[in-house]
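Undergrad: Construct the complete structure from the given sequences, taking the supplied hints into account.
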Amino acid sequence: MTQSTPQTSTVARQGMLDHLVYVLRGNPVTLIAFVMFALILVAAVFGPSLVPYDPLASDSDHVLEAPSLQHWFGTDNLGRDVFSRVVVATRLDLTISVAAVALSFVIGSVLGAIAGYWGGVLDAMLNRILDTIMAFPLFVLAMGIVAALGNTIENIIYATAIINIPFYARLVRAEVNIRRDAGFVRAAKLSGNSDIRILATHIFPNTLPPMMVQVSLNLGWAILNAAGLSFIGLGVRPPTPEWGILVAEGANYIVSGEWWLALFPGLWLMIAVFTFNLLGDGLRDIVDPRKRT
Amino acid sequence: MPSRLKASLMRIAQAIPVVVGVVIISFLLTRALPGDPAVYFAGASADEASIAEVRESLGLDKPLIQQFFLYTGDLLQGNLGNSLSSGQPVLTDLAKRLPASLELTLTALILSCAIAIPLGVLAATRPGSMIDHICRVLVTAGVSLPTFFTGIVLIYVFYYLLGWAPSPLGRLDFIYISPDQVTGFYLIEAALAGDFEPWLGAVKQLILPATTLALFTLAPLARMTRAAMLTALGSDFIRTARAAGLSDGKILYGYAFRNAILPVITTLGMVFSFSLGANVLVEKVFAWPGIGSYAVEALVVSDYAAVQGFVLAMALLFVALNLVIDLAYTLIDPRIGFDAR
Amino acid sequence: MLTIKDLAVSFQARRGQVDAVKGITFDLGKGETLGIVGESGSGKSVTSYALMRILDAGGKIKAGDVTYSGVDLRNATESEMKDIRGSEISMIFQNPRAALNPIRKVGHQIEDVLRRHAKATNQNARQKAIEALKAVKIRDPEQRYEAYPFELSGGMCQRIVIAIALACDPRLLIADEPTTGLDITTQKSVMDLVSDLIRDRGMSAILITHDLGLAAQYCDRIIVMKDGKIVEAGDPLSLFHNPQHPYTRKLVDATPREGETIRSLLPEDMRVPLLPHKIEDEPLLQVINLTKTYQGKTGPVHAVKGISFDVKKGQSVGLVGESGCGKSTTSEMLVRLLDPTKGEILFNGESISDIPAQKFGKSALRRDIQMVFQDATDSLNPRHTARQTIADPLQRLGGLSGVALGARIEELATLVGLPHSLLDRFPHQLSGGQKARVGIARAVALEPKFLILDEPTAALDVSIQAIVLNLLADLRAKLGISYLFVSHDLHVVRLLCDHVIVMRGGQIVEQGPADDVMTNPKDPYTKELLSAAPKPPLRRVVTQP
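If you're matching them up, the sequences are chains A, B and C in order.
Residues 1 to 293, numbered by the working numbering, are exactly what the first sequence covers, in order.
Residues 1001 to 1341, numbered by the working numbering, are exactly what the second sequence covers, in order.
Residues 2001 to 2545, numbered by the working numbering, are exactly what the third sequence covers, in order.
The hints are simulated quantities; they were obtained by calculation from the structure and are not laboratory data.
C-beta: ideal position from N, C-alpha, C; glycine also.
Wrong hints could be hidden among the right ones.
[Said to hold, decoys possible] With a Cα cut of at most 20 Å, we get these calculated EDC-like pairs of lysine to aspartate or glutamate:
no., chain 1, residue 1, chain 2, residue 2
1, C, K2030, C, D2072
2, C, K2005, C, E2232
3, C, K2535, C, D2211
4, C, K2188, C, D2489
5, C, K2226, C, E2177
6, B, K1006, C, E2151
7, C, K2305, C, E2510
8, C, K2137, C, D2192
9, C, K2105, B, D1236
10, B, K1250, C, D2056
11, B, K1006, B, D1326
12, C, K2137, C, E2151
13, C, K2359, A, D181
14, C, K2188, C, E2177
15, C, K2062, C, D2227
16, C, K2362, A, D195
17, C, K2005, C, D2065
18, B, K1250, C, D2083
19, C, K2082, B, D1236
20, C, K2119, B, D1248
21, C, K2359, A, D195
22, C, K2313, C, D2474
23, C, K2297, A, D123
24, C, K2250, C, D2211
25, C, K2082, B, D1248
26, B, K1250, C, E2080
27, C, K2297, C, E2151
28, B, K1250, C, E2078
29, C, K2022, C, D2227
30, C, K2062, C, D2006
31, C, K2278, C, D2498
32, C, K2060, C, D2006
[Claimed, not checked] With the Cβ distance kept under 8 Å, some of the chain B side facing chain A (calculated, not the full set):
no., residue
33, F1148
34, L1276
35, L1281
36, A1295
TA: Dropping the structure here:
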């Protein structure tokens, strides 16, 4: 942004903090979402050192035990502690989704901004490519990509990123396009700003509020996607704890009544996705100066 | 209207480059296999000679462009290669299993439209009411549901605990003889044959997987309906209609709903994309013998021709569905075909 | 016929209740046309929605009585109201295109109303709808019956809205800003149509508008509203000649009329003498055969068809025309955001049309040619404070930073009358007039020699317009800038400009000294424009400051 004197930037930072408090206080749902998000982050960062059992250690004396005080979420067919496995899996699932969304955010934003601002041939080409990607049912395309590139975690990330790029590219393209001829953009040209500078400092920051909603929805969707892929045996391999695999393993025992194997990882996964979905509106309010009073 | 016809033809023409793009991507996917694709296609028990043979028969020794044209030529003849596990041509396998997937997806979609659209309309007409809150919770919770997990919970509750549902294995209990394979849709076949028992049996098998899938697609549809209805109800022309004393029914359905349904139809394309993807997971959970579980089985044994055939088939199916949706849109919205679109 | 007593309306907002109308009382006689005039937020539209009982969700009549021909409208059941709406009381709205159902044929929309109020049967609905179209003087009514709103012009859409409103012969018509957003000649034909229909059918009417001049021309009596209250009521002549309330006086003063000066738009205590601006003989800007042709879908579109004119140093030139006349395209080319197809622009004798618009940002002349944009809200970056907005040209083209930058920003704020405490606010925290000041400060930051004013007051209330116009007049004298004032309103242009150019269909139809063009127009189109403008009563005692 523009260079400001030290005083004004302190004022701005103070304003940002006040604004954060104001947004959180004004909307209890957002507050809950942020608290849950913090818990998930704690589980991801400190999970492995907090859990009571080694997530990979089997124990033949305690096989398929129902939840108890010793094993909060019960144990699986090898006697492994389900709670420890679920908590430890947080880091992997979160890494996959954050990495995938970050990749698609950056690539999609750059492509979309260029297409939206300059239009013409670039725009037409980008639209063709996006149309082609979107012509696949996205989960199916992800399956195809992972199957073709090989069954690794990196490839799950790439596949998830590729199927998410069209959402960002189209959103940014549309948001940039409607502002391309806005009064403040023409004014910025008259003030001697170069096209790149106009795009970076005048137009792009204004696309952030809708982008934040998209980011938060996509994080949830990316987790679902990654878990879905490992549920059908792509990407993460057993015995690595991962939510999709945990549910897949538990599924075999559901018809014989051992419900805890599938239920807890599934619930945990659902809560994580739910949190990201709730987070969207709050994030938008935080990056939107118009919500400031 | 000739301009409308022109717009429809334009839309159909637009599908051609998309199909070309789909073929290019699926070609790249087949050739992107790590290592030597010939090794994969030759199978596990292949020796050097048979691998070389496969390489030649697949044209893998030729330049990439030439390979692409060979691939396209094969596609035009309906040749997707042979499945390693079944030994049958992939196309035959897919054709045999496709009706099961379609029956499941379409039932789920009809179910979710039947619930989501009235729910969205009710929520939009009574903002802040109980039904509005229910709608909002459902919408946020619905998109957070992992389909495979919902399916498992439903099986646990309705099969294991309550015993209402039959065992979640396939389309029809083995006590019934499968209806004749003409359309492949069991519900239609059984109904046509007048066999009530197998029809009921098929319905019972279908209910849980269809509900699972419907729960997943419910959320985006209900959200879009609610939002579109709110926008329509808040627009100026509704105020004109109210100021003219038109009846509530006319305003709600004749004016607001007809405008609101347009963005909902556009959303249907996205919903189809989600439900075709989720279909794979649901089929695995319920051992549903559709093309999704076919692909999953193929993945397990590294049967790549089958997987790539499946991806291509799904994409072409989706392109066709989108085309149908857009053509329907062209018929409903008079503004399409007008220059200032 | 209609009596409103102590009417109060409130809205449930997120932060408690907002009183939009705070106890107003008036009545309307049979055959009378009443004007309700006020600036944005005065509660004038809410009043009409309240009496029709079509308030938006959250709005509610808090107190008061509304009686129409003996019927208590406040306590009538919803179904009684439905029978009254459209058949006894009708309403027409601003933004006519949006007021029609976009995907229903206009003929069917008229039929809907006719059938609802049992004025037509399935057999004769079509014929009656076509009659209704004829009544609002639509040519080829049989063909128009089949049209969708998007196929019709704005003026045509407003005629359809009027046809819907009058289809069932109501006795009271409420017109809510019926001509806002329409061109001035369309405004006149729509208003004349409405007033003819009202007179012929012996109807009563309420005209809600922000334009005191328009109300004065068409209404028997005028109510002036401010902040949800009636401040004054009376017949147009006495309101203009002898306004009692200070607010009415301010509004009357700010309404541009014949025989006024730019200073007399302001309240009396602010009319300090105007500093003269010096016009030199030398041309600053010469436009020679300027042409712009776009490649449209159905062939080339000739937006500007070879126009030529000069702007002298220190001169203010007005460029007047209706929408689509090419005035905006012309100003975009002059400010070098758009490349002309043909022709030349000379600035101080030097050709600037040779430099492509893409590269002009790097030119040394960039700082000499600036622009004030039409919509102050749209022209400010919502994420930048007023300070950042004004700083932008100073940093990019002026090379200022640090203390010098801060000092210059504050100097500019003082120059345009923007309190320094507002500099750290975002656009949404500023009023319309304050945003206009920020936009002007940015435009004059580098002391340009030539400034294009693109309808800078079109989105503002008249009282703010008066202040902004005077600010521009002062700046011109202080900084010696030449203006090109682009506007649709000849009366506003005359106040600020020395020379006037009238454009139509991409061509100049007339140009000359402002007073000549206004008092003695040569071209029939200029005459039409002048006669289409509302004619408020003139000031009785002309006080020249």
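Undergrad: Is K2535(C) within 20 Å of D2211(C), Cα to Cα?
TA: 11 Å, holds
Undergrad: Within a Cα-Cα threshold of 20 Å, do K2359(C) and D195(A) meet the stated pairing?
TA: Holds. K2359(C) to D195(A) sits at ~10 Å (cutoff 20 Å).
Undergrad: Could you grab the alpha-carbon distance between K2082(C) and D1248(B) and see if it respects the 20 Å cut-off?
TA: 9 Å, holds
Undergrad: Is K2305(C) within 20 Å of E2510(C), Cα to Cα?
TA: 14 Å, holds
Undergrad: Assess, step by step, whether the Cα of K2297(C) is no farther than 20 Å from the Cα of E2151(C), and give holds or violated.
TA: 16 Å, holds
Undergrad: Regarding the pair K2022(C) and D2227(C), is the alpha-carbon distance no greater than 20 Å?
TA: Distance of about 8 Å is within 20 Å: holds.
Undergrad: Does K1250(B) pair with E2078(C) here, judged by a C-alpha cut-off of 20 Å?
TA: 15 Å, holds
Undergrad: CA of K2297(C) to CA of D123(A), is that 20 Å or under?
TA: The given pair, whose Cα atoms are some 19 Å apart, holds under the 20 Å limit.
Undergrad: Tell me if the straight-line CA distance from K2359(C) to D181(A) falls inside 20 Å.
TA: With a Cα-Cα distance of about 17 Å, the restraint between K2359(C) and D181(A) holds, given a limit of 20 Å.
Undergrad: Would the hint linking K1006(B) and E2151(C) be met if the CA-CA limit is 20 Å?
TA: The given pair, whose Cα atoms are some 18 Å apart, holds under the 20 Å limit.
Undergrad: Does K2188(C) pair with E2177(C) here, judged by a C-alpha cut-off of 20 Å?
TA: 13 Å, holds
Undergrad: Hint check: K2005(C) vs E2232(C), CA-CA at most 20 Å. Holds or violated?
TA: The hint holds at about 16 Å.
Taken one by one, the earlier hints all hold for this structure without exception.
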